[in-house]
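Listed in order, the protein sequences are those of chains A and B. If you use this note's numbering, the first sequence corresponds to residues 353 to 509, in order. If you use this note's numbering, the second sequence corresponds to residues 101 to 545, in order.
Read the hints as simulated data drawn from the structure, not as lab findings. One should not assume that every hint holds.
Said to hold, decoys possible - Some but not every residue of chain A turned toward chain B, in silico, with C-beta under 8 Å: (1) 378; (2) 391; (3) 394; (4) 395; (5) 413; (6) 414; (7) 429; (8) 454; (9) 476; (10) 477; (11) 478; (12) 486; (13) 490; (14) 508.
Said to hold, decoys possible - Using 25 Å as the maximum straight-line C-alpha spacing, the simulated DSS-like pairs for lysine-lysine come out as follows: (15) A:452 with A:430; (16) B:297 with A:425; (17) A:490 with B:512.
Ideal placement from N, C-alpha and C gives every residue a C-beta, glycine not left out.
So you can see what is in the structure, the chains are spelled out below.
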Amino acid sequence: MISAQGIARIDAAIAKYPAQERQSAVMTALAVAQEEHGHLSTEVMDFVAGYLGMPPVAVYEVASFYGMYDLEKTGRYKLCVCTNLPCALSGAVEAAEHLKRTLGVEFNGTTPDGRFTLKEGECFGACGDAPVMLINNKRMASFMSPEAIDRLLAELK
Amino acid sequence: MNTAHPPFDPLVFGPDAQIMKGVDGLNWRLADYEARGGYRALKKIFAEKIAPDALIAEVKKSALRGRGGAGFPTGLKWSFMPRQFPGQKYVVCNSDEGEPGTFKDRDILRYNPHVVIEGMVIGAYAMGATVGYNYIHGEIWDVYERFEEALAEARAAGYLGDRILGGDFSFQLHAHHGYGAYICGEETALLESIEGKKGQPRFKPPFPASFGLYGKPTTVNNTETFAAVPWIVLNGGAAYLDLGRPNNGGTKIFSMSGDVARPGNYEVRLGTPFAALLEMAGGMRGGRRIKAVIPGGSSMPVLPGEVMMKTDMDYDSIAKAGSMLGSGAVIVMDETRCMVRCLERLSYFYFEESCGQCTPCREGTGWLYRMVHRIETGRGRTEDLDTLVSVSDNIAGRTICALGDAAAIPVKSFIQHFREEFAHHIEHKRCMVGERGAARDKAAA
Ligand SMILES: Cc1cc2nc3c(=O)[nH]c(=O)nc-3n(C[C@H](O)[C@H](O)[C@H](O)COP(=O)(O)O)c2cc1C
Ligand code: SF4
Ligand code: FES
Numbered sequence: 353m354i355s356a357q358g359i360a361r362i363d364a365a366i367a368k369y370p371a372q373e374r375q376s377a378v379m380t381a382l383a384v385a386q387e388e389h390g391h392l393s394t395e396v397m398d399f400v401a402g403y404l405g406m407p408p409v410a411v412y413e414v415a416s417f418y419g420m421y422d423l424e425k426t427g428r429y430k431l432c433v434c435t436n437l438p439c440a441l442s443g444a445v446e447a448a449e450h451l452k453r454t455l456g457v458e459f460n461g462t463t464p465d466g467r468f469t470l471k472e473g474e475c476f477g478a479c480g481d482a483p484v485m486l487i488n489n490k491r492m493a494s495f496m497s498p499e500a501i502d503r504l505l506a507e508l509k
Numbered sequence: 101m102n103t104a105h106p107p108f109d110p111l112v113f114g115p116d117a118q119i120m121k122g123v124d125g126l127n128w129r130l131a132d133y134e135a136r137g138g139y140r141a142l143k144k145i146f147a148e149k150i151a152p153d154a155l156i157a158e159v160k161k162s163a164l165r166g167r168g169g170a171g172f173p174t175g176l177k178w179s180f181m182p183r184q185f186p187g188q189k190y191v192v193c194n195s196d197e198g199e200p201g202t203f204k205d206r207d208i209l210r211y212n213p214h215v216v217i218e219g220m221v222i223g224a225y226a227m228g229a230t231v232g233y234n235y236i237h238g239e240i241w242d243v244y245e246r247f248e249e250a251l252a253e254a255r256a257a258g259y260l261g262d263r264i265l266g267g268d269f270s271f272q273l274h275a276h277h278g279y280g281a282y283i284c285g286e287e288t289a290l291l292e293s294i295e296g297k298k299g300q301p302r303f304k305p306p307f308p309a310s311f312g313l314y315g316k317p318t319t320v321n322n323t324e325t326f327a328a329v330p331w332i333v334l335n336g337g338a339a340y341l342d343l344g345r346p347n348n349g350g351t352k353i354f355s356m357s358g359d360v361a362r363p364g365n366y367e368v369r370l371g372t373p374f375a376a377l378l379e380m381a382g383g384m385r386g387g388r389r390i391k392a393v394i395p396g397g398s399s400m401p402v403l404p405g406e407v408m409m410k411t412d413m414d415y416d417s418i419a420k421a422g423s424m425l426g427s428g429a430v431i432v433m434d435e436t437r438c439m440v441r442c443l444e445r446l447s448y449f450y451f452e453e454s455c456g457q458c459t460p461c462r463e464g465t466g467w468l469y470r471m472v473h474r475i476e477t478g479r480g481r482t483e484d485l486d487t488l489v490s491v492s493d494n495i496a497g498r499t500i501c502a503l504g505d506a507a508a509i510p511v512k513s514f515i516q517h518f519r520e521e522f523a524h525h526i527e528h529k530r531c532m533v534g535e536r537g538a539a540r541d542k543a544a545a
């Protein structure tokens, strides 16, 4: 279900916590699972539960509590744009509108070609770089003017 | 790390910077940190055999107050850890920076990660903890990876791990990444999250100093708090106090955002006039007039611009002016901004991020948001303003954690200071300021 490399990352996380506290690695395990599968299906969450010795329901609870886990399929690129007040004061609303117009989707929508899913985010702790956008949970894109957005979209095939 | 270039140099932290002194964005590695005098505080402690109690006394003398939001005296907090506890104790660094407007911990961690590591080792030694975690906000993945690299460097150099610098003290430090939940910034939610659970705050008491991570004595401090510690050890508590004001020791990094010409982090002495800080940030964008400022992150009361222009940036001065210094996130709004719209966005945030455990918070934040939204969209009623205040009063103080209060505070302070804007929205079904009002007027004509 998870590659040998992924398992190695989960094992490295387990080693950070006391031996009897394998559950502490659940956030890393789910992040690895999501990276490999695109989203968290019940099967992959059950696998994580088995691997960490947790009741499956405890894993589902974690997966649905934290905003960056996706329980549904997303496009190849999940674009999350922060629209909280500090960003909104520096062009985030315009950035979001530009994205919606260019992609032809609303928030939580996926483009018909399955390339992009657009999401609205809360403060990333990067407000000085507003407007900011997070791509697939890992890559932060700063100063996203409409022109910068166009360049970025062209790059994400 | 960035895909687009900033329109200005983001690495100007200010002439009085201590934590960010000499930091240029590239020199984050161990050798650079050592060249800046890094890990000298740790060496001094072991060379001079400074006792843990003496360290805590020094931190008390410095008047360092927690930089995570509450401003609690750090030395006092450290002294709450049970001295003679026979089992495991933990220190935890709170880098889950998610309070809207706050982006200082990200810069500390990516540009100067070793100062946090050194501060944590010193804290662990002072409190007798042998294991620690740094909980890093989920959205800043590259910062988490860099911190892991810095940890590896520190371990290889003997500053971290077994028998640090060849002495008797051992300390294992690990990074833990979050995954997008504002509430995990609350310290007990953060501990639950490290335990692999939903990040829901715990009832207090017991406090983490007696029942913390895995039920063991734990101290949680903010990233910037730990980052201040090496300087205090090297230069003494009295010198640190001298950098700031009585009861407000040291420098503080302020995250300037909103309608300023150069948003960014500025590290200044506590007690610096707000007007001077605004000037460092290039003044108001487009030379417009200042209308409102939230001086300490979105959970703190908003103040009129003219009040802030007469206020100094330290805990006590801002409290006297009617707000709180909080996390040091300064959100500036100019004359074109609609206060109803600003509040609507903040209220949505608290509604979205409530963990749902307490009824007043879960229901109340939804109620507040819907009512402000109604006013914003021209469907408000005259009685709504009083209802908003009474709903806020009914949330505050009746919840497990301070998120309930944090949702109530903006509502009450926005209405207190900008009541006429809300009243205008209700009466005329449109805004009295800004482009939106103008656009609607045009559409209506
Ligand atoms: C809803 C909520 C969110 C918080 N978010 C943060 C945060 O992002 N970073 C932080 O250091 N403290 C945050 N705090 C404060 C912590 O609970 C805690 O007081 C702090 O980390 C202690 O560190 P300090 O004494 O060094 O300030 C938050 C508190 C609440 C109630
Ligand atoms: S006040 Fe809100 S966020 Fe805090 S514990 Fe209660 S429901 Fe959760
Ligand atoms: S408000 Fe957008 S990153 Fe902070």
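Outcome of the hint check:
1. 378: This interface hint holds because 4 Å falls under the 8 Å limit.
2. 391: Violated: closest Cβ of chain B sits about 14 Å from residue 391 of chain A, beyond 8 Å.
3. 394: violated, 18 Å
4. 395: Since chain B brings no Cβ nearer than about 20 Å to residue 395 of chain A, farther than 8 Å, the hint is violated.
5. 413: Holds: closest Cβ of chain B sits about 5 Å from residue 413 of chain A, inside 8 Å.
6. 414: The hint holds - residue 414 of chain A has a Cβ within 8 Å of chain B, the shortest such distance being about 6 Å.
7. 429: violated, 13 Å
8. 454: Cβ of residue 454 of chain A sits 16 Å from chain B, so the hint is violated.
9. 476: holds, 4 Å
10. 477: holds, 4 Å
11. 478: holds, 5 Å
12. 486: holds, 6 Å
13. 490: holds, 4 Å
14. 508: violated, 11 Å
15. A:452 with A:430: holds, 13 Å
16. B:297 with A:425: holds, 24 Å
17. A:490 with B:512: violated, 37 Å
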